[in-house]
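Whenever a hint applies, use it, and build me the whole structure from the sequences.
Just so you know, the protein sequences line up as chains A and B, in that order.
Anchor point for the first sequence: position 124 equals 124 in UniProt numbering, and the numbering is continuous, going up by one each time.
Anchor point for the second sequence: position 89 equals 89 in UniProt numbering, and the numbering is continuous, going up by one each time.
Keep in mind that the hints were calculated from the coordinates and are not lab data.
Check each hint, because a few of them may be wrong.
[Stated by the list, open to error] Each computed DMTMM-like pair below joins lysine to aspartate or glutamate, with the alpha-carbon atoms no more than 20 Å apart:
id: 1; chain 1: A; residue 1: Lys22; chain 2: A; residue 2: Asp11
id: 2; chain 1: B; residue 1: Lys54; chain 2: A; residue 2: Asp11
id: 3; chain 1: A; residue 1: Lys54; chain 2: B; residue 2: Asp35
id: 4; chain 1: B; residue 1: Lys54; chain 2: A; residue 2: Asp7
id: 5; chain 1: B; residue 1: Lys54; chain 2: B; residue 2: Asp120
id: 6; chain 1: B; residue 1: Lys22; chain 2: B; residue 2: Asp3
id: 7; chain 1: B; residue 1: Lys54; chain 2: A; residue 2: Asp3
id: 8; chain 1: A; residue 1: Lys165; chain 2: A; residue 2: Asp120
id: 9; chain 1: B; residue 1: Lys54; chain 2: B; residue 2: Glu69
id: 10; chain 1: B; residue 1: Lys54; chain 2: B; residue 2: Asp35
id: 11; chain 1: B; residue 1: Lys22; chain 2: A; residue 2: Glu94
id: 12; chain 1: A; residue 1: Lys54; chain 2: B; residue 2: Asp3
id: 13; chain 1: B; residue 1: Lys54; chain 2: A; residue 2: Asp35
id: 14; chain 1: A; residue 1: Lys22; chain 2: B; residue 2: Glu94
id: 15; chain 1: B; residue 1: Lys165; chain 2: B; residue 2: Asp132
id: 16; chain 1: A; residue 1: Lys54; chain 2: B; residue 2: Asp11
id: 17; chain 1: B; residue 1: Lys22; chain 2: A; residue 2: Asp89
id: 18; chain 1: B; residue 1: Lys165; chain 2: B; residue 2: Asp193
id: 19; chain 1: A; residue 1: Lys22; chain 2: B; residue 2: Asp89
id: 20; chain 1: A; residue 1: Lys54; chain 2: A; residue 2: Glu77
id: 21; chain 1: A; residue 1: Lys54; chain 2: B; residue 2: Asp7
[Claimed, not checked] Some chain B residues well away from chain A (every beta-carbon gap over 10 Å; in silico):
id: 22; residue: Asp11
id: 23; residue: Arg26
id: 24; residue: Leu46
id: 25; residue: Thr48
id: 26; residue: Glu52
id: 27; residue: Pro87
id: 28; residue: Leu113
id: 29; residue: Ser131
id: 30; residue: Val173
id: 31; residue: Phe191
Just so it is clear, CB atoms sit at the ideal spot from N, CA and C, and this is done for glycine as well.
Number of protein chains: 2
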Amino acid sequence: MADAALDALIDSLRCLPGVGQKSAQRMAYHLLQHDRPSALRLAQALETAVSEVKHCARCYTFSHEPVCEVCLDEARERQLLCVVESPADQAALERTGSYRGLYFVLMGRISPLDGIGPRDIGMSALLERASDGVVQEVILATNFHAEGEATAHVLSEQLRARGLKVTRLARGVPVGSELEYVDLGTIAHAFMDRR
Amino acid sequence: MADAALDALIDSLRCLPGVGQKSAQRMAYHLLQHDRPSALRLAQALETAVSEVKHCARCYTFSHEPVCEVCLDEARERQLLCVVESPADQAALERTGSYRGLYFVLMGRISPLDGIGPRDIGMSALLERASDGVVQEVILATNFHAEGEATAHVLSEQLRARGLKVTRLARGVPVGSELEYVDLGTIAHAFMDRR
Numbered sequence: 001m002a003d004a005a006l007d008a009l010i011d012s013l014r015c016l017p018g019v020g021q022k023s024a025q026r027m028a029y030h031l032l033q034h035d036r037p038s039a040l041r042l043a044q045a046l047e048t049a050v051s052e053v054k055h056c057a058r059c060y061t062f063s064h065e066p067v068c069e070v071c072l073d074e075a076r077e078r079q080l081l082c083v084v085e086s087p088a089d090q091a092a093l094e095r096t097g098s099y100r101g102l103y104f105v106l107m108g109r110i111s112p113l114d115g116i117g118p119r120d121i122g123m124s125a126l127l128e129r130a131s132d133g134v135v136q137e138v139i140l141a142t143n144f145h146a147e148g149e150a151t152a153h154v155l156s157e158q159l160r161a162r163g164l165k166v167t168r169l170a171r172g173v174p175v176g177s178e179l180e181y182v183d184l185g186t187i188a189h190a191f192m193d194r195r
Numbered sequence: 001m002a003d004a005a006l007d008a009l010i011d012s013l014r015c016l017p018g019v020g021q022k023s024a025q026r027m028a029y030h031l032l033q034h035d036r037p038s039a040l041r042l043a044q045a046l047e048t049a050v051s052e053v054k055h056c057a058r059c060y061t062f063s064h065e066p067v068c069e070v071c072l073d074e075a076r077e078r079q080l081l082c083v084v085e086s087p088a089d090q091a092a093l094e095r096t097g098s099y100r101g102l103y104f105v106l107m108g109r110i111s112p113l114d115g116i117g118p119r120d121i122g123m124s125a126l127l128e129r130a131s132d133g134v135v136q137e138v139i140l141a142t143n144f145h146a147e148g149e150a151t152a153h154v155l156s157e158q159l160r161a162r163g164l165k166v167t168r169l170a171r172g173v174p175v176g177s178e179l180e181y182v183d184l185g186t187i188a189h190a191f192m193d194r195r
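This is the structure we're talking about:
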């Protein structure tokens with residue numbers, strides 16, 4: 001049963017987020033027992049994506065070209081810069097169709113427990129990008145959990161020190177929800193930010 | 001944001017069991033954003049495993065060689081054949097160190113809802129293997145949920161028709177458990193099979 005190639009596959013699958021030893025084993029057995037064509041297709045897709053998907057030189061989102069479509073779009077409002085944690089978050093904001101400014105994609109969020117500080121998420125690149133003289137308002141759209149809030153706090157201090165207007169996405173009651181089931185922190189914020 | 005290579009990667013990751021659209025997206029973004037070396041290592045491991053890990057010609061478990069180590073082991077009791085659903089189950093039984101016979105690994109289990117019948121799990125290969133004149137007892141060790149039990153039922157009928165002794169792993173109270181928390185079906189079985 002000892003099989004170097006199988007063990008190497010199980011070990012490699014553990015690099016996927018949320019996949020531990022047991023899941024990796026189940027995935028490896030499934031692929032080899034039932035779906036070898038998909039395994040080869042996945043291998044090919046990984047190699048193609050790693051070689052072809054690059055980062056935009058201006059906003060750091062994923063892009064085929066040196067500068068992404070959004071950054072090149074002349075119709076975008078260049079005085080607005082929205083800061084997000086990942087290309088996935090940017091995609092979510094884009095799907096709403098409610099924002100027409102530009103983006104800056106951090107490489108993650110500040111997380112002292114994991115040893116990730118402001119340098120690791122590209123804060124200096126953001127400060128440089130935001131100080132181009134065109135950007136007037138930076139909208140912080142990091143996530144609304146502890147680490148995302150901490151990241152927003154650190155960034156806002158640095159950006160305000162450079163004389164930029166800094167805003168944060170509004171916190172409040174989600175659309176379609178019943179007050180009875182909304183958590184207390186959210187309701188407290190909705191009271192404070194009422195309009 | 002539309003990116004063919006990224007979409008192809010997300011689509012390919014969905015071949016992994018338990019991974020849906022959202023998880024696949026999170027995995028793809030994680031690999032491209034934070035861990036490109038692991039992505040390449042995974043691609044390599046997939047290709048190596050698919051090309052190197054083959055099936056044993058006798059028991060159908062995973063093996064580098066045409067016939068696996070267990071089947072070649074002269075010290076094994078050749079009159080005992082244990083039928084399992086997957087190489088993972090075989091590995092679990094081997095770890096107990098309580099069985100010294102040979103194995104036969106089915107390619108899954110009978111599952112009419114998924115269109116998997118006796119032919120798809122290699123029943124004819126099992127019947128041929130068990131009828132070699134050396135095997136005297138076939139131990140059915142398919143899993144103990146509905147599909148595994150159905151598989152065991154179908155196999156036992158066919159094997160008994162060929163004059164073989166057929167047994168099933170004992171059902172009963174798990175070691176270390178408190179009766180209060182054991183399910184009723186298990187306790188009922190433990191009463192019936194008391195010794």
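How the hints compare with the structure:
Taken as a hint, the Lys22 of chain A and Asp11 of chain A pair is honoured in the structure, with Cα atoms around 11 Å apart against an allowance of 20 Å. The straight-line distance between the Cα atoms of Lys54 of chain B and Asp11 of chain A is roughly 19 Å, inside the 20 Å bound, and the hint therefore holds. Between Lys54 of chain A and Asp35 of chain B, the direct Cα distance comes to roughly 13 Å. Compliance with the 20 Å bound is thereby established for this hinted pair. A threshold of 20 Å between alpha carbons decides the hint, and for Lys54 of chain B with Asp7 of chain A the separation of about 14 Å falls inside it, so the pair holds.
Distance restraint check for Lys54 of chain B and Asp120 of chain B: the Cα-Cα separation of roughly 18 Å lies within the 20 Å cut-off, and the hinted pair is therefore satisfied. Among the hinted pairs, Lys22 of chain B with Asp3 of chain B is consistent with the structure: their alpha-carbon atoms are about 17 Å apart, no more than 20 Å. Taking the CA atoms of Lys54 of chain B and Asp3 of chain A, the gap is about 11 Å. The hint holds against a cut of 20 Å. Note on Lys165 of chain A and Asp120 of chain A: the hinted pairing is violated, with a Cα-Cα distance of about 24 Å set against a maximum of 20 Å.
Using a Cα cut-off of 20 Å, the hinted pair Lys54 of chain B and Glu69 of chain B holds, with the two alpha carbons roughly 13 Å apart. For the proposed pair Lys54 of chain B and Asp35 of chain B, the alpha carbon gap of about 30 Å is over 20 Å, so the pair is violated. Between Lys22 of chain B and Glu94 of chain A the CA atoms are separated by roughly 17 Å; this keeps the pair inside 20 Å, and the hint holds. Straight-line distance between C-alpha atoms of Lys54 of chain A and Asp3 of chain B comes to about 11 Å, which keeps the hinted pair within the 20 Å bound.
For a cut-off of 20 Å, the pair hint linking Lys54 of chain B to Asp35 of chain A stands: about 13 Å separates their Cα positions. In summary, the hint linking Lys22 of chain A to Glu94 of chain B is supported, as the alpha carbons are separated by about 17 Å, within the 20 Å threshold. This hinted pair checks out: Lys165 of chain B and Asp132 of chain B have alpha carbons roughly 14 Å apart, not beyond 20 Å. Taken as a hint, the Lys54 of chain A and Asp11 of chain B pair is honoured in the structure, with Cα atoms around 19 Å apart against an allowance of 20 Å.
Between Lys22 of chain B and Asp89 of chain A the CA atoms are separated by roughly 13 Å; this keeps the pair inside 20 Å, and the hint holds. Restraint check for Lys165 of chain B and Asp193 of chain B: the C-alpha separation of about 18 Å stays at or below 20 Å, so the hint holds. Of the supplied pair hints, the one linking Lys22 of chain A and Asp89 of chain B holds, its CA atoms being roughly 13 Å apart against a limit of 20 Å. As the CA atoms of Lys54 of chain A and Glu77 of chain A are separated by approximately 24 Å, the hinted pair breaks the 20 Å bound.
About 14 Å separates the Cα atoms of Lys54 of chain A and Asp7 of chain B, which keeps this hinted pair within 20 Å; it holds. Remark: the non-interface label on Asp11 of chain B conflicts with the geometry, its nearest Cβ contact in chain A lying 8 Å away (cut-off 10 Å). Remark: the non-interface label on Arg26 of chain B conflicts with the geometry, its nearest Cβ contact in chain A lying 6 Å away (cut-off 10 Å). Annotated as non-interface, Leu46 of chain B brings its C-beta within 10 Å of a C-beta of chain A; the closest such distance is 4 Å.
Some Cβ of chain A comes within 10 Å of the Cβ of Thr48 of chain B; the nearest lies about 5 Å off, and the non-interface call is violated. For Glu52 of chain B, the requirement that its beta carbon stay farther than 10 Å from each beta carbon of chain A is not met, with the minimum near 4 Å. Not every beta carbon of chain A lies more than 10 Å from that of Pro87 of chain B, the smallest distance being close to 6 Å; the non-interface claim is violated. Annotated as non-interface, Leu113 of chain B keeps its C-beta farther than 10 Å from every C-beta of chain A; the closest such distance is 16 Å.
Every Cβ of chain A is farther than 10 Å from the Cβ of Ser131 of chain B; the closest lies at roughly 25 Å, confirming the non-interface assignment. For Val173 of chain B, the shortest C-beta to C-beta distance to chain A comes to about 24 Å, beyond the 10 Å cut-off, and the non-interface label holds. Its beta-carbon lying about 32 Å from the closest one in chain A, Phe191 of chain B satisfies the requirement of being farther than 10 Å from that chain.
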